[in-house]
Amino acid sequence: MKKIYIQEEYCIGCRLCEIYCQVQHSKSKKIIKAFKEEITDILPRVLVEEIGYNSFAIQCRHCTDAPCVEACISGAMKKNKNTGVVTCDEDRCVGCWSCIMVCPYGVIKRDLSSRRIASKCDLCVDEDIPVCVKNCPNEALKFIEKDENKENLVRIKNGNQK
Amino acid sequence: MVTKNNLKRTNEMIDYIIIGNSAAGLAAAEGIRELDKRGKVMILSEEDFLNYSKPLITYLLEGVVSLDKIYFKDKKFYRDNNIDIKLNTRVKSIDIDKMFAISTDSNEYKFRKLLIASGGRPIIPEVKVVYENTYDGSQSENDKNIEGIFTLTTLKDSINIKTYIEKNKIKKVSILGGGLIGLKSAEAFLGIGMSINIIELADRILAATFDRQASGIIEKRIKSKGSNIYKNNTIEEIYVTDGKISGYRLKNGRKIECRLLIVAIGVIPNINFINSGALKINRGVVVDDYMRTSAKNIYAAGDVAEGLDILLGENRNIAIWPLAVRQGVVSGINMAGGNKKYNGGFFMNSVEILQIPTISMGLTNIVEERGKNIEVLKDFNPKKNTYKKVVIRDNRVIGVIMVGNIERAGIYAGLIRNEIDISSVKDNISREDFGIINLPVNYKKHLVIGEGIEV
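Line by line, the protein sequences are chains B and Y.
First residue of the first sequence? That's 1 in the working numbering, and the numbers climb one at a time after it.
First residue of the second sequence? That's 1 in the working numbering, and the numbers climb one at a time after it.
Keep in mind that the hints were calculated from the coordinates and are not lab data.
No residue lacks a Cβ here, since even glycine has one placed at the ideal position from N, Cα and C.
Check the hints yourself; a few may be wrong.
[What the hints assert, rightly or not] From the derived model, a few chain B residues whose C-beta atoms are all more than 10 Å from chain Y:
1. Arg15
2. Ile19
3. Ser26
4. Ile31
5. Asp41
6. Ile42
7. Asn82
8. Thr83
9. Ser113
10. Ser114
11. Asp126
12. Val131
13. Glu145
[Unchecked claim] To give an idea of the interface, some chain B residues facing chain Y are shown, with a C-beta separation under 8 Å as derived from the structure:
14. Ile51
15. Ile100
16. Met101
Full structure from sequences and hints, please.
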């Protein structure tokens, strides 16, 4: 499957990924409207970590053996058998935080904006490329498919897979 | 369809019989189906429901989840996986030599491979009962059926309690036991605005993984809302009026009125149907790294089993959902001829009390261990009411408590599971904002760059 890979050395800590993620998961999906009216409610599902000049953006890794899926008590957290994308069905989530307890990347958050639910990267399934990748000014995030040997990278240019 | 009578002595051989229809049992069925699409799989369940998530029963009580959403596998699961499910079928005994199970309604189920995933059952303490005011005099002391006393380990319990609360307009509940189930119940009752009394034998709630400080934060919060916690205490006498509980007396002499009592002092592996000596049993059914019991072709998984605790280096019963699922998958795959190892686990728990989330995992109360270097790092922020404790043994994290702020708790779970040497980052490890960027450099690379980078 295509996943987001982190190019740590290129991240400049601008946090545009966080901003575009918030917009993407807003109701209006419009940046001005989202920030003026909604943003206090919307958690970014990508997280920029930074110490000095060191920074990187990290979001759900959509693990092969996803611990969050295994730990989920409500059946909300699921890995799609065809796409490999791990998503949280917000209707079924009860906010028990078992996923937060087991995710070794720490990329699932508590969303308390309406009722308690787990918030995580959905890989922008409706988009060709996740918005965090698309809007990264320095290619610090890549959306690519790595083969079994984890060697050959299928490169993405201008949004088209070659 | 065959009639019940005809079923009595069926000679049909079932390839895989699974006793138990919960986390481990269903994960096992899926595990079997990964390798064997055609073999006959039958699940025997003593309950009256298709699958439901046991940990959700307190959320049902709270109204966070409704009955139609308590199923964690959808209803097509059995059909899609070609599984024969027998509800209301309690196993009375198993014959490990002739390889069949007998149900309480005397049906015989022959198997090639058996999985025992029968879970746990609640411990019921012996308590003196005093009958007061019984108007018709018919109630004898032997009548154990006292209204208003419940355990809470099954969906039926949860539904019964909910109905009882509504019918009797109950506003206050007493919970005997401040452990895992007690606290999850408390979460639910407090969530719907009831007040609670917790009675706990130890000197703190969640004694298995909380320390006094963590417990103190939660106790303070619970008390601030008009509820109470009685520690170092237990119920010595229960008062019954007109067949219903009306109160109890604590060990310290205090009498408390009570119309609803939840008994939550713990669960024990459900092994009644296993003849003594038939299988190696400690507290639960002892299994090896492949979830095999001491008898050929018989496996065990989930709350009934004793799998490897990686922190103790020995087998013990850790009755939590994620491990039940993992053990189930492993046993299923191995029953179907695979060769998958169970890598062990450790205890963990998440409970949120009155908007204070908590997560605890591993060994959190160790102060010293012979021949080992134990370090305990704490970060308490009284302003934010947050507390974090990290227990380190020979430079490896072995236990964590987080109260108030549980952000990124799983990073610690990863450190524990992967036995990462954290000596280079010890200064930061109990920080509130500890993240991946603070991790030892090789492990950080492993996480950031992706799968395939060896630590």
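Hints, verified against the model:
At the 10 Å boundary, the C-beta of Arg15/B stays outside the reach of chain Y, the nearest C-beta of that chain being 14 Å off. At the 10 Å boundary, the C-beta of Ile19/B stays outside the reach of chain Y, the nearest C-beta of that chain being 19 Å off. Distance to chain Y confirms Ser26/B as a non-interface residue, since its nearest Cβ pair spans about 22 Å, more than 10 Å. Every C-beta of chain Y lies more than 10 Å from that of Ile31/B, the closest at about 26 Å, which supports listing it as non-interface.
Residue-level check passed: Asp41/B sits 17 Å from the nearest beta carbon of chain Y, beyond 10 Å. Taking the minimum C-beta to C-beta distance to chain Y, about 17 Å, the non-interface status of Ile42/B holds against the 10 Å cut. In this structure Asn82/B is separated from chain Y by more than 10 Å, as the shortest Cβ-Cβ distance comes to about 15 Å. Annotated as non-interface, Thr83/B keeps its C-beta farther than 10 Å from every C-beta of chain Y; the closest such distance is 17 Å.
Every Cβ of chain Y is farther than 10 Å from the Cβ of Ser113/B; the closest lies at roughly 14 Å, confirming the non-interface assignment. The Cβ of Ser114/B sits about 12 Å from the closest Cβ of chain Y, beyond the 10 Å cut-off, so the non-interface label holds. Interface exclusion of Asp126/B from chain Y stands, the closest Cβ pair being 23 Å apart, more than 10 Å. Remark: the non-interface label on Val131/B is consistent with the geometry, its nearest Cβ contact in chain Y lying 20 Å away (cut-off 10 Å).
At roughly 12 Å, the least C-beta separation between Glu145/B and chain Y is larger than 10 Å, which holds for a residue marked as non-interface. For Ile51/B, the interface hint holds, since its Cβ comes within 8 Å of a Cβ in chain Y; the closest pair sits about 5 Å apart. The beta carbon of Ile100/B is positioned within 8 Å of a beta carbon in chain Y (closest approach about 6 Å), and the interface hint is therefore held. Satisfaction of the interface hint for Met101/B is found here, the shortest Cβ-Cβ separation to chain Y being roughly 5 Å, below the 8 Å cut-off.
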